[in-house]
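**Student:** Single-letter residue listing:
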Amino acid sequence: MNKDTISKMVFFILALSSISALALITGFIFIQGLPLFFKVGFANIVFGTKWAPSQGSFGIFPMIVGSVCVTLGATLLGVPIGVCCSIFLVEYCPASLSNLFRPAIQLLAGIPSVVYGFWGLLFIVPFIRNNLGGPGLSMLAGSMILGIMILPTIISISEVSLKDLPRQYKEGALALGMTHWQAIYSVLLPAARSGITAAIVLGIGRAIGETMAVIMVLGNAVALPESILDPIRTLTTNIGIEMGYATGDHQQALFATGIVLFVIIMILNSFAQYIARRK
Amino acid sequence: MNTNDKTIEKIAKAIIWSAALFVLVILTAIIAYILAKGLPILNWGFLTQIPRNMGRSGGISSTIVGTLMVTAVALVIAIPFGIGTAFYLAEYTKESWATRLMRFSAESLAGIPSIVYGLFGFIFFVISLNMKWSVLSGGLTLSFMILPTIIRTSEEAIRSVPTTYREVSFSLGATKWQTISKAVFPSALRGITNGVILSIGRCIAETAAVILTAGTALKMPTSIFSPTRTMAVHFYILAREGISMENAYGTAALLIILIFLINVVANAAVNRLMEKGR
Chain A
7 MNKDTISKMV
17 FFILALSSIS
27 ALALITGFIF
37 IQGLPLFFKV
47 GFANIVFGTK
57 WAPSQGSFGI
67 FPMIVGSVCV
77 TLGATLLGVP
87 IGVCCSIFLV
97 EYCPASLSNL
107 FRPAIQLLAG
117 IPSVVYGFWG
127 LLFIVPFIRN
137 NLGGPGLSML
147 AGSMILGIMI
157 LPTIISISEV
167 SLKDLPRQYK
177 EGALALGMTH
187 WQAIYSVLLP
197 AARSGITAAI
207 VLGIGRAIGE
217 TMAVIMVLGN
227 AVALPESILD
237 PIRTLTTNIG
247 IEMGYATGDH
257 QQALFATGIV
267 LFVIIMILNS
277 FAQYIARRK
Chain B
787 MNTNDKTIEK
797 IAKAIIWSAA
807 LFVLVILTAI
817 IAYILAKGLP
827 ILNWGFLTQI
837 PRNMGRSGGI
847 SSTIVGTLMV
857 TAVALVIAIP
867 FGIGTAFYLA
877 EYTKESWATR
887 LMRFSAESLA
897 GIPSIVYGLF
907 GFIFFVISLN
917 MKWSVLSGGL
927 TLSFMILPTI
937 IRTSEEAIRS
947 VPTTYREVSF
957 SLGATKWQTI
967 SKAVFPSALR
977 GITNGVILSI
987 GRCIAETAAV
997 ILTAGTALKM
1007 PTSIFSPTRT
1017 MAVHFYILAR
1027 EGISMENAYG
1037 TAALLIILIF
1047 LINVVANAAV
1057 NRLMEKGR
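First to last, the sequence lines map onto chains A and B. Per this note's numbering: the first sequence ends with 285, consecutive numbering throughout. Per this note's numbering: the second sequence ends with 1064, consecutive numbering throughout.
Bear in mind the hints are in silico, worked out from the structure with no lab data behind them. Note that CB positions come from ideal geometry on N, CA and C, so glycine has one too. A portion of the hints provided could be inaccurate.
To be verified - Below, simulated DSS-like cross-link-like pairs (lysine-lysine); rule was C-alpha separation at most 27 Å, straight line:
1) Lys1005(B) to Lys918(B)
2) Lys918(B) to Lys169(A)
3) Lys968(B) to Lys14(A)
4) Lys1005(B) to Lys169(A)
5) Lys880(B) to Lys1005(B)
6) Lys796(B) to Lys14(A)
7) Lys14(A) to Lys880(B)
8) Lys880(B) to Lys962(B)
9) Lys45(A) to Lys56(A)
10) Lys176(A) to Lys796(B)
Stated by the list, open to error - Ranges of calculated distance between the beta carbons of each label pair, as one might list FRET restraints:
11) Ala815(B) to Thr55(A): 44 to 54 Å
12) Phe890(B) to Ala49(A): 41 to 51 Å
13) Met1031(B) to Ala181(A): 55 to 65 Å
14) Ser276(A) to Glu953(B): 47 to 57 Å
15) Phe808(B) to Leu182(A): 42 to 52 Å
16) Ser23(A) to Phe890(B): 56 to 66 Å
17) Ile836(B) to Lys9(A): 27 to 37 Å
18) Thr879(B) to Pro86(A): 29 to 39 Å
As the list claims (entries may be wrong) - Covered by chain B, according to a simulated footprint, are these stretches of chain A (three or more residues, beta-carbon under 8 Å):
19) 34-44
20) 55-64
21) 67-78
22) 102-115
23) 130-140
24) 208-219
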């Protein structure tokens, strides 16, 4: 056998193992969580508003609303800033500053989420409590922390996709008399669309999946929020708070929470891929 | 260029600059605060002593070793599988429903919360496979967690290598393997490394997925079968339960320094490899 055949086989085996591992997780979560959906009823779990595992009530609707709201807030804050920042790095950043900026973004990506959560607890939570009212531990605090936390994901992946564009794109646009911003807006951004979409999807994934940082700043109350200053609980924090001691149906309910998270992410991904393909 | 265009140009520039400055200011605020509080705590004793009295006194040596061991296990497994899968998807298959399904599952699983990996790892590795709370359980759970990210970022990097590189290599008589290893891989290396760096950061920083798979033991781990507590978990427990704020700041400061050093080393390695390739 020559190197070509061997390498192809090795790559195939590696790919097959990876996909099997990922299938294992998916299968495992569904096998653990689905029985409860049949036992208690799909609607009672997904649209139920009462969460009392010891009494057999497994309604996670408040957590679904919590996750969606916090993530939406984080996306509204993080995506515009992140995409602007990646454009800055590729198109506007002076060389001297970029040597400072890039390592800084990498560092921001690496800081443990618990450190963000702790920082939020020390500065953002008291700020909200003193200036905007409410307990401070709130949806707004969670959105602000998550908005900061998804920046590195969005910036670094968008930046790579903008920078890997052929130089001729920009040169051609400028040669046609476009201004710098017109070239960025109407040539470079559309050309880098798939990478930027991937960046945003991964950013949203990180926001919706974050647990430890938001456990510290959300307040974790199981109730439908009435304003952005109310404390809420997300799907992830529900698992994080209770998985250490849950058994039986309660444990299955946490896997059911995992399934709902999973499905939300699937919907998001399909949507993002649809948009990326449509244009 | 009319006046309107000029105004838009200026506004766009101002918005983009302020977004960049905002990111720098926030970053500085977070890091400066933790370092200001934590650096005075860091000394040789803090780094080399075992935590005593639940972490109230003593150092954090066992959590440093635990973090490094868990991360090493995760990387040793995830890097070859992740990069191999990316090359298979990008170079060896034609677009079909199977590759789309593979890519879709990798992409979707990249978004699955670490806490779900933790839940899976806890029930699967710790309980079902009876690996108990251990470096191995934690490392395996983390390798599953970072695998989709490595696949996704590596594939993106490989695909953004211009097709002309491959065409030139083939036209010079190179085989498929030679083309991939000599032409595609070096050009994709920056992007691949970027993904791996993000993954190392995620391993070291992860709390949710390791707290219930590696455990919270403060003893020095002696093998991959020992239970351990990582630095991020240690910080979380110290800060949340208010055991010792000083030691919490010290641990957080060390985490930030460690991640900074990893980034520096990785960047230096990439630069050297890229120079060699020329």
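**Student:** So, for every hint listed, does it hold in this structure?
**Tutor:** Now the hints, each set against the structure:
1. About 15 Å separates the Cα atoms of Lys1005(B) and Lys918(B), which keeps this hinted pair within 27 Å; it holds.
2. Restraint check for Lys918(B) and Lys169(A): not satisfied, since their Cα atoms lie roughly 46 Å apart, outside the 27 Å limit.
3. Annotation: proposed proximity of Lys968(B) to Lys14(A) holds, straight-line Cα distance about 16 Å (limit 27 Å).
4. Annotation: proposed proximity of Lys1005(B) to Lys169(A) is violated, straight-line Cα distance about 47 Å (limit 27 Å).
5. The suggested pairing of Lys880(B) with Lys1005(B) is violated, with an alpha-carbon distance near 51 Å, which exceeds 27 Å.
6. Distance restraint check for Lys796(B) and Lys14(A): the Cα-Cα separation of roughly 52 Å exceeds the 27 Å cut-off, and the hinted pair is therefore not satisfied.
7. At roughly 14 Å between alpha-carbon atoms, Lys14(A) and Lys880(B) fall within 27 Å of each other, so this suggested pair holds.
8. Among the hinted pairs, Lys880(B) with Lys962(B) is consistent with the structure: their alpha-carbon atoms are about 15 Å apart, no more than 27 Å.
9. A distance of roughly 17 Å separates the Cα atoms of Lys45(A) and Lys56(A); the hinted pair therefore holds under the 27 Å criterion.
10. Our distance criterion of 27 Å between C-alpha atoms is met by Lys176(A) and Lys796(B), whose separation comes to about 19 Å.
11. As the Cβ distance of Ala815(B) to Thr55(A) is approximately 38 Å, the hint placing it in 44 to 54 Å is violated.
12. Distance hint check: the CB atoms of Phe890(B) and Ala49(A) are about 28 Å apart, inconsistent with the given range 41 to 51 Å.
13. Between Met1031(B) and Ala181(A) the beta carbons are some 60 Å apart, a value that agrees with the proposed interval 55 to 65 Å.
14. Between Ser276(A) and Glu953(B) the Cβ separation comes to about 34 Å, which falls outside the hinted range of 47 to 57 Å.
15. A C-beta distance of roughly 33 Å is found between Phe808(B) and Leu182(A), which places it outside the suggested range of 42 to 52 Å.
16. Evaluation of the 56 to 66 Å hint for Ser23(A) and Phe890(B) yields a failure: the beta carbon distance comes to about 18 Å.
17. Our hint of 27 to 37 Å for Ile836(B) and Lys9(A) is violated, since their Cβ atoms are close to 50 Å apart.
18. The hint said 29 to 39 Å for the Cβ distance between Thr879(B) and Pro86(A), and at roughly 36 Å that hint holds.
19. Remark: the region 34-44 of chain A is confirmed as covered by chain B, as 3 of its residues place a Cβ nearer than 8 Å to a Cβ of that chain, reaching the required three.
20. With a threshold of 8 Å between beta carbons, the proposed coverage of the region 55-64 of chain A by chain B is violated, since 0 of its residues qualify and at least three are required.
21. With 0 residues having a beta carbon nearer than 8 Å to a beta carbon of chain B, the region 67-78 of chain A misses the requirement of three or more and the stated coverage is violated.
22. Coverage of a stretch by a chain is defined here by at least three residues with a beta carbon nearer than 8 Å to that chain's beta carbons; for the region 102-115 of chain A and chain B the count is 8, and the condition holds.
23. Three residues within the 8 Å Cβ limit are the bar, and the region 130-140 of chain A against chain B gives 0, so the coverage statement is violated.
24. Coverage of the region 208-219 of chain A by chain B holds [criterion: at least 3 residues with CB-CB distance below 8 Å; count 9].
Hint compliance for this structure: hints 2, 4, 5, 6, 11, 12, 14, 15, 16, 17, 20, 21 and 23 are broken, all remaining hints hold.
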